Structure formats: C-alpha cells, structure tokens
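**Student:** Both chains are given apart, each in its own frame, so use the hints to dock them into the complex.
If you read the protein sequences in the order shown, they are chains A and B.
Per our numbering, the first sequence starts with residue 959, numbered consecutively.
Per our numbering, the second sequence starts with residue 545, numbered consecutively.
Worth flagging that the hints you see were computed from the coordinates, not collected in a lab.
Please read these numbers as outputs of a predicted model, since none were measured by experiment.
Just so it is clear, CB atoms sit at the ideal spot from N, CA and C, and this is done for glycine as well.
Errors might be hidden in some of the hints.
[What the hints assert, rightly or not] Partial list, computed: chain A residues near chain B (C-beta under 8 Å):
#1 Glu1040
#2 His1048
#3 Ala1064
#4 Lys1070
#5 Met1071
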Amino acid sequence: MTDTVKIHVKDLKKYFGKLEVLKSISIDIHEGEVVVVIGPSGSGKSTFLRCLNKLEHSTGGTIIVDGNDINDKNVNINKVREDIGMVFQHFNLFPNMNVIKNIMLAPVKTKKMTEDKARETGMSLLSRVGLKDKAEAYPQQLSGGQKQRVAIARALAMNPSIMLFDEPTSALDPEMVGEVLQVMKDLAKGGMTMVVVTHEMGFAREVADRIVFMDGGYIIEEGTPEELLKNPKQERTQSFLSKVL
Amino acid sequence: MISILQSYSTMLLRSLGYTLVLTVLALIFAMIIGLIFALMNVSHSRILNIIGAVYVDAVRGVPLIVLAFFIYFGVPQAFKMMGFARFRLPALQAGTIALAMNCGAYMAEIFRAGIESIDKGQMEASRSLGLTYGTSMKCVILPQAFRVMIPSIINQFIITLKDTSILSVIGYPELTNMGRTIAGNTFLSLQTWAIVGVLYMVVIVSLSKASKRLERKIKIEEDAGKPRKRHRDQ
Chain A
959 MTDTVKIHVK DLKKYFGKLE VLKSISIDIH EGEVVVVIGP SGSGKSTFLR
1009 CLNKLEHSTG GTIIVDGNDI NDKNVNINKV REDIGMVFQH FNLFPNMNVI
1059 KNIMLAPVKT KKMTEDKARE TGMSLLSRVG LKDKAEAYPQ QLSGGQKQRV
1109 AIARALAMNP SIMLFDEPTS ALDPEMVGEV LQVMKDLAKG GMTMVVVTHE
1159 MGFAREVADR IVFMDGGYII EEGTPEELLK NPKQERTQSF LSKVL
Chain B
545 MISILQSYST MLLRSLGYTL VLTVLALIFA MIIGLIFALM NVSHSRILNI
595 IGAVYVDAVR GVPLIVLAFF IYFGVPQAFK MMGFARFRLP ALQAGTIALA
645 MNCGAYMAEI FRAGIESIDK GQMEASRSLG LTYGTSMKCV ILPQAFRVMI
695 PSIINQFIIT LKDTSILSVI GYPELTNMGR TIAGNTFLSL QTWAIVGVLY
745 MVVIVSLSKA SKRLERKIKI EEDAGKPRKR HRDQ
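Bound conformation, chain B alone (with noise of 0.2 Å):
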C-alpha cells in the first residue's frame, strides 16, 4: 500500500482533481438545467408543462452510462452523418454534459417540490401588489424554496459526485479510472480499490458534515426570528 502511495500519489490527487471539477461543473449547469426545466413544470403553460415532463422523464428514465455513451459516442457520429467529418466531443465535455442531463434532470424535481412547497398565498399576495409573475417568483418564492431545498441539493451533490465514477467508461481520467489503471499496473487491486474507496468517502463524509452544519445554522436562524414557544395548554 506504501509503495502505491509512493508512486502514484500525485496522480491519485490529481485524478481526484478532474473528479471534483468534473462534479463541479455538471453541478453548475445541472442547476441552471435544473430551475429552469422547474420553472417550465410550475407554470401555467400546458405546453411549457409538457416540455418539462417529457425533459425529466426522458433524462430520469435512462441509465447515466448510456447517457454517457450516447453522447460520447452517439453524437459526433450524428455530426459525422450531417458531414460534419471533423467533429470531435472529448470525454471531459462529453462527461460534462452527460453528467448535467442527468442531475438536472433531478435538480429540477428539487427545484419543482421546493416551490411548489411554498404557501399559495405567497404568490397571490406578491401579484395583488401589482408584481409580475417573474419578479414574484425571483423575489418571493425562490429565496423561500431555496431554503427548503439545501439538503436536497447537497445530497444531490453528492450523489452527482459517485456518478462520475460512471463515466471512468468513456476514459474521463478521474478517479475509478486512475484505480483501474493503477490497478492494472501493479496488480494490488485490494490496495489500490481500498485507496480510492477511502479518497471518495473523505470527501462525501466531509461534504455531508458541512452541510449537517449549514442545515444547523439555518435552523437557528428561523427559530431566532420567532417568538419564545407557547404553552401547550394555552
């Protein structure tokens, strides 16, 4: 196991790198994906409806690595037959947007329950004032949903993190790829497939705690605006 870390520490870490950019990323656009695929399902338009049920439907109802391998492999041949000959997708964009679909995909659901969490009322008194849905819903719902919606959208981090590990099969270098290169190299796979267990489960592990803290500390925060409790016999 020491000479594993010895010789390949740098690459471990660095591989662990392109893991985290890769989550990073797809964690970015996944919520933009995300709010606005939510946005089209809230609103009254039956056909912005649909657009945003069959989005999350088709997206949730495949399997991420045949998403990955349609686009990575499936796409530029689509190119290829519209003649374009040159056109190349590499893995780190590929995985990237591989990876978006689908935790957008889930992120949307996120986004949809945590307005549709939100008091009818809210929107009825913000239109009676004279404000446009969108304001309404920039300034008064969402500021409310996202508060609702954190643990959600950590765990759904979370989970986006694991899934890179899937797109090891379109030769993305991150980290299950780096264990089975190493793997392969060395042939100490207990060590190797133990080192990347434990590289994955720090980062999940401190992930997680921070956001028990962050859940903690938005807790203090609403119970501080209220009022001390009542009485049950009151």
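Isolated chain A, as found in the complex (with noise of 0.2 Å):
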C-alpha cells in the first residue's frame, strides 16, 4: 500500500427516488490498498461500490479516481472504466460468447488490441485463474465458481489498476467459494486496489487493510481487521458482528 490516493470519496449521496440509499458518505482509498467492505443487506454497500464506476449515478458529493472527477461532463467515463475492473454477484458473463471471447471482447473493442495479442493475454490470465482448458467452452457448461473466475479474468484483462467485487461469492455453492477468494487473494498479493463488497468474514480478516462497516447509507465505522472485528467501537457495529462471527 501507498500513500497514493486512488479513489476520492467525498460526501456521497445517492437517491433511488425518494429512497435515500447513501446518506454521507466519505473515504480515501490507497493505491494497493485492500477495503472490504460489510454490513447488513439494505446498507447501501453494493450501491457505494456501483457508485465507484458510476453504474449508478451519485445524486451529490465528489469521487474523484486517478485524478479523475467521473462526475465531470468533460471526463470520458469509459476511458475511466478501462482502469476499473469490477465483478458482479451473478457473474453476468456474455452468453452468446465463448469463454475466450468473452475476454476479449473488450481490449480488442476499446484498445484496439489485435486478436492474437488478445488472445494470448486471455489465455495467461486463463492459466492464472486457472481455467486454461476452458478457453473454448462457453459459460454455461461452467460450475458457479468458474464462472466468477472467468468473470475476474475479464475484468483483469483491460490490465486495470483498480478492482471492484460486488458479493462475489454469494451466488455460489459453498464448496466453490474458496477458489474464487483464493484468486482474489493471490490479486490482492500482487498489489491491485480492490473494493470488495462481500460477507466473507475469513476472507475480510485475512486480506483486508481496511474493513468499512455501512448501515442505513453511512459508514459506522471503519479501521483494520484486528479493531474493527475484535474490538468493534460502536454498538451497531458490534450488534452486526456478533450475528455474523
């Protein structure tokens, strides 16, 4: 972890109507810094996080990625999202491609990759995953936990310096779960920022720099593994962690 802030968040708010999902919200994230963030369904942490490649639109406040007002009308997001990597719950890989395809996709589209460099860097990052006998097959011949493992080398293949994991795990059968935190820990490892929203307690203890806690729209409170799960400060906090631990 650097002193480098990579994600600046200030005063986030974000309506759905007239349901107001993100009260306040305000966090610096360091580059290579792991942030995982918890707390219970309906707190607004998948929301945050969609926030952070403006999948959903903040209705105020700042957040400023590498530099980058993503707000500003004069900011092509896209170009933004190419260093955002970011894995959804339920995969959402394209069906109508094969796994291969599927990754690249979009280094062909938006770098103007050729197929063969593409192809190459997609059948490396298959084989770090770990599913390179798997490059023709398509998604649905695939478990849950290889979906979500092709899904993160999709994301890694636009070479992003941040990651963003939406409940990676939630939508997998338990015995599949470990391989995905462990591809996911082997990239926190190598450096990469990630934003992980997820209820993986092991997996915030063990890797996190940082775990948030959100309830109601806010951050209740945040430090690392060993103040926040051991010694939890607020009652809220300490009321969510002894259902979860």
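**Tutor:** In structure tokens form, the structure reads like this:
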C-alpha cells in the first residue's frame, strides 16, 4: 500500500426516487489497499460500490478516481472504466460468446488490441485463474466458481489498476467459494487496489487492509481487521458482528 | 378450374412474385425502421423515448388500408399543394412505404421486447469493461436479443405477407388483385379464390414450417451448450 490516493470520495449521496440510500459517504482509498465493505443488506454497500464506476449516478458529492472527477461531463467515463475492473454477484458473462471471446471482447474493441495479442493475454489470464482448458467452453458449461473466475479474468484483461467486487461469492455453492477467494487473495498480494463488498468474514480478516462497516447509508465505523472485528466501538457494529461471526 | 390454370397460370405466378417482392422489400425496410425506433424506445433520452412511442402508437393506431390511401393519394396531393405538380408516387413505392411503416412499428415492438428481455447485468458488465453504449448494444445485447426475437420476426413476416393483399386497393398488381381480375373476367369466383387461397397457403405454411425448424435448431444449439440436467433432488 502506498500513500497515493486512488479513489477519493467526499460527501457522496444517492437517492433512488425519494429513498435515500447513501446519506454521506466520505472515504479515501489508497493505491494497493484492499478495502472490504461489510454491513447488513440494504445498508447501501453495493450502491456505494456501483457509484465508484458510475454504474449508478450519484445524486451529490464528489468521486475522484485516479485524478478524474467521474461526475465531470468532460471526463470520458469509458476511459476511466477501462482502469476499473468489476466483478458481479451473478457473474454476468456473455452467454453468446465462449470463454476466451468473453475475455477478448473489451481489449479488442476499446484498446484496439489485435485478436492474436488479446488471445495471448487472455490465455495467460486463464492459466492464472486455473482455467486454461476452458478457453473454448461456453459460460453455461461452467460451474459457478469457474464462471466467477472467468469473470475476474475478463476484468483483468483490461489491465485495470482498481478492482471492484460486488458480493462475488454470494451466488456460489459453498464448496466453490474457496477457489474464487483464492484468486482474489492472489490479486491482493500482487498489489491490486481492491474494494470488496462481501459477507466472507474470513476473507476480510485475512486479506483486508481496512474493513468498512456500513449501515443505513452511512459508514458507521472503519479500521483494520484487528480493530474492527475484535474491538468494535460502535454498538451497531457490535450487534452486526455478533450475528455474523 | 383447369381452364383458369391454363390461361392464367403465368399471370398468377407473376403476381405471386410481386407479392413476395413487396413483402421482402417491406420487411427489409421494416427491420431498419424497427431497429431504429426500438433503440429510441430503450434509450435513456426522454426525447428519443417520446419520438419512438409516438411513431409506434401513431402507425399502429391507423389501419393499414387508411395508411395506404394516405400515402398513395394523400402524399402526392400534399406535394402538388407545395408546387410539385409533376410528383408521382407509383403503387409499388407507395405500397412498400405503407407496408414498411406499418410492419416497422410492430418490428419496433418486437425488437424492444427482445432487447428488454436481456438481463440488465449484461449491459452493466459490458459498460464496466469500458465499452461504449453503442458497442455494448451491437456486440453483447443485440446478438442475444436477436435469438429471442427470431420466432416473432418470422410471425411478423407471415402477417406482412398476408397484409400485402390489402394493397390491392391501390392497384398494386399482387396476388389478390390478380384474383379480382381473373374472377371478373371469367365469372368463376369459387375456383379463382380457391386457387388464390391455396397459393397464399402454400407459401405461408412452408414459411412457418421453416420457422419451426429454425427454432428447433436454435434450441438444440442452446441445449448443446448446457451441462447435463441435474437431478431434481440435488
């Protein structure tokens, strides 16, 4: 982790119609830092994550990613997104393409990479997530854990410096959670800046540099795993942790 | 009946050809119109949504025969009033425009439903990779939507083929119009209309058979991609 601020969020607010989902979120995420966001469902953690790459448009506040104010109309959001990989709960692989085509699509279309180069990159990413032999398979032929690992490889193909994970293991059978978490751990060790929304407390304890507890649209408490999981100061954090730990 | 076939078979076949030409032309334009207005309808721009909705509602709200009269008789008169006295709109063009506009409105709805049937996560995943909205539509959403739409498109094809008969009212030399001519000349209404009916039926039944086969082929391709069915008790 370095001192460079990768993601700067100040007073972020988000309404869905009249419902205020994010009330005032401020946080700085540093280069190489792994931030795990926990909290009860409906606390706004997924919405917060989706605001970071503008899948949700924030209602107020500032989000600066790598020096780009993503709400500035002059900032090309597509360029910013090339640097932010995202992994979804339900994988969202493209079912009309095989695995390697899923991975090659974005580099070829946005970075004007040649097919051969993209395939080469894709294959090396697939071997990194342990799925080299599945390159020609279609998503529906894969297990949940395999799908999610392909989704991670697909996001990495753009060579992002930030990765967002939106409950990446919540839709998986229990025996497949481990293989996905292992890939994420390797990424974290490699120095990737990561923001992870998850219910996997073991992962949070082991990998996170910082854990953020959200509830009701606010960040209630944050700290190192040691501080937050062992000695939560806020009552709401304590009651949440007593239910999940 | 034999006598009709003997004297009019070439004319019947030629008029059936006209019917098919009109159908195919109208369908090609309708696909383009349908895609454009469907994209307007699913876009995030309020103005484009309104334009798309107005087109679909306006065209679907008017019977095809009225639309055909409007374009064939009304539009040239409008041009005359504007000073273009020599403006002519032949039946083929007028018929194609009317049919394409009509079919295009229904196509727009088929395309819209197809696009909206694709999971929202697909667009999100594509955009999160840095692809533009347009590229995401073209490479991710539309190819998936198109598969879903194929049966509806073929169904619309059949409807449009039958709707060409309405254009006999503007003197387009298609099959129904030929039927009227033959029946008028020979006074053999029963035989003439039976022949015309059978001709339509042959084309349409073979079309829907082909469509069934295509649907089955797509289904097989999709199933081939899936793993073996899991046991229910799992």
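**Student:** Among the hints numbered above, which are violated by the structure, and what are their numbers in rising order?
**Tutor:** 4 and 5
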